[in-house]
Amino acid sequence: MFDFCLHVLTLACLYGLMALALNLQAGYAGLLNFGHIAFVGVGAYAVGIGRLAGWPLPLSMLAGVACAMLLGVAVARLGRNLASDYWGIATLAVAEIVRIVVLNQSGMAGGAQGISALPGPLDALPETAQPLAFAVLGLFAVALAAWLSARLAASRFGRALRLLREQPALASCLGYDLGRLKRSATLASAAVAALAGSLLAGYTHFVSPDYLLAAQTFLVWSMLMIGGAGRVAGVLLGTVLVQGVYSFVPLARDLLGLGSETVGALRLGLIGAILLLCLLWRSAGLLPERLRTLP
Amino acid sequence: MLQFLFDTLSRSSDLALIALGLSLVYGLAKFPNIAHVQYAMLGAFASVVLQRAGTPLALALGMASLLAGSLAVLCNLWVFSRLRRQGPAIAMIGSLALAMILVAAALAGHGASPLAYRLPLSAPWVLGPLFVAPNQALAMGVTLAVLLACTWLLLGTRQGRAMRALACNPPLAAAAGLDAERIIHAVHFLGAALAGLGGALLALNTGAYVNLGNDLLLPIFAAAILGGLGNPLGAVFGGLLIALAETLVTNLNIGWLYGQPMAFVPAGYIGAASFVILLLALLLRPYGLFDREVRRV
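Protein chains in written order, with the UniProt record's numbering: chain B, 1 to 295; chain V, 1 to 297.
Worth flagging that the hints you see were computed from the coordinates, not collected in a lab.
On a predicted model such as this, the values are computed, not experimentally measured, just so you know.
Watch out, some of these pointers could steer you wrong.
[Said to hold, decoys possible] Sample of chain B residues at the chain V side, in silico, Cβ under 10 Å:
# : residue
1 : VAL94
2 : ARG183
3 : ALA252
4 : LEU255
5 : LEU256
6 : LEU266
Yeah, the Cβ is synthetic: ideal placement off N, Cα and C, and Gly gets one too.
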């Protein structure tokens, strides 16, 4: 049971990193990125492809971050003259293209089988200490990311991003380059998400095209919207709630004797229902963003 | 060559009704409804279940379409009419939540295995060089008839004119005495009924399965965006273009690139073709192929 709780905690930390990364784009800058998982997948696959190429782990993680940022530039370029909902669809298409490519690249990326026996960042430690150490590493990474994004939100850059979200015309009147702001937000988000992806691949020692399913993006989105987009504490609360539902529904299976298809349906339905109820009654999330108002 | 054209038409008839519905609803509600493709999935299940229970096929198709339409009206009443006031982004995420719930309902109600109509097996008709499955011909015929009916409804009747007026200029339509809420309900019903019928016809070839909606999501959006979201008849041509691309990718012999007599693009990349076209369309023609009125920038 203790091991299971550690596992849930580690996963929650990794998803928390992804949600914080998405928050940089969607929460602060109001960009509807429905292909966020592509960045995570690039990070995860970098570890896998690096293993096949015989690279050391830190180098492949760096390469993953660099590739994800390149993808971020391309995605931001795509959004230069699209309205937000159209950009959402376009990013969804980009993520799906990435998934189809790795699914069909059986030589380089393992195809549908994925790549297994990946190196993890903590392989030097003894086997028994690893779950605990990974949980600590995850907590540390999330705390660092949360601190950084809270700092970012309070900085001039964060204020510019929120202005871009609320009043784009005013932001460009004040001399901000909107395209550049969007690009920087996407780049920062891509780097953090790719890091989360390589940690996830290192933790599970495995990567497959299933890591890139659109449903994963929607999961991260529901964390963001349930907790409260634009506020770090809200995003973390949403992550804990959604990850809790996700991990503890299988426990209910053992208690109530449900089939595995019912469990999948219950997970999906519960998260959808919580998200919908939140949108209807607390559209800013459980912990809404606090905007500073001038007297 | 003839077979190639026929395959393209068959695939585009799969997409046409659902894309038409999506574009119709977008024109009035002004947000991309992700749950729309799930209406097609539910329509497919409803029709297959009814047909297997002994209802005649035509009746099952009609009832599935009505069910999908009624469901969409309820969703609009309870969810979208409230979310729309908070902007398209919130409404889009709301439709995502709804899509999750609908998929979960199908998964809980039936499970992950596909379900096919109980129809007698029939040999394909051989028309010269063409092989035509009777089911395919039936789906294409019904689609064509419904498309013609929709065109007449939109362009030739008072109701259609009211819908177009409201999509074009809501304040002016309201000033002219049109009841916006009632028309929006009617359009949601019509859009989802088309999606339900489209899904039920699609199930003639593929059977009904839980991921039917998710598999359709991007091709349908690509078709609707190519035609210009909010331009219903453009969506049909968008569907034709997507179908042409998908069929071309599967049939194109690229052996000359590798110096071999026969080489084809792997079938796994078919899906990617329509997404690449979507991205190109968004980059090069962000106003859609036909519509210059819809602003996206």
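Problem set entry | Interface hint compliance - ARG183/B to chain V, C-beta minimum distance less than 10 Å | 16 Å, violated
For this session: Closer than 10 Å between Cβ atoms is the bar; does ALA252/B clear it against chain V? Give me holds or violated.
Result: 14 Å, violated
For this session: May I ask you to test the interface hint for VAL94/B with respect to chain V, counting a Cβ-Cβ separation under 10 Å as satisfied?
Result: 7 Å, holds
Exercise. Hey, does the LEU266/B contact hint survive, CB to chain V under 10 Å?
Worked result: Check passed: Cβ of LEU266/B comes within 7 Å of chain V, closer than 10 Å.
Exercise. Against chain V, is LEU255/B within 10 Å by beta-carbon distance?
Worked result: 18 Å, violated
Exercise. Minimum Cβ distance from LEU256/B to chain V below 10 Å?
Worked result: Violated, about 14 Å.
When the structure is compared with the earlier hints, violations turn up for hints 2, 3, 4, 5 and for no others.
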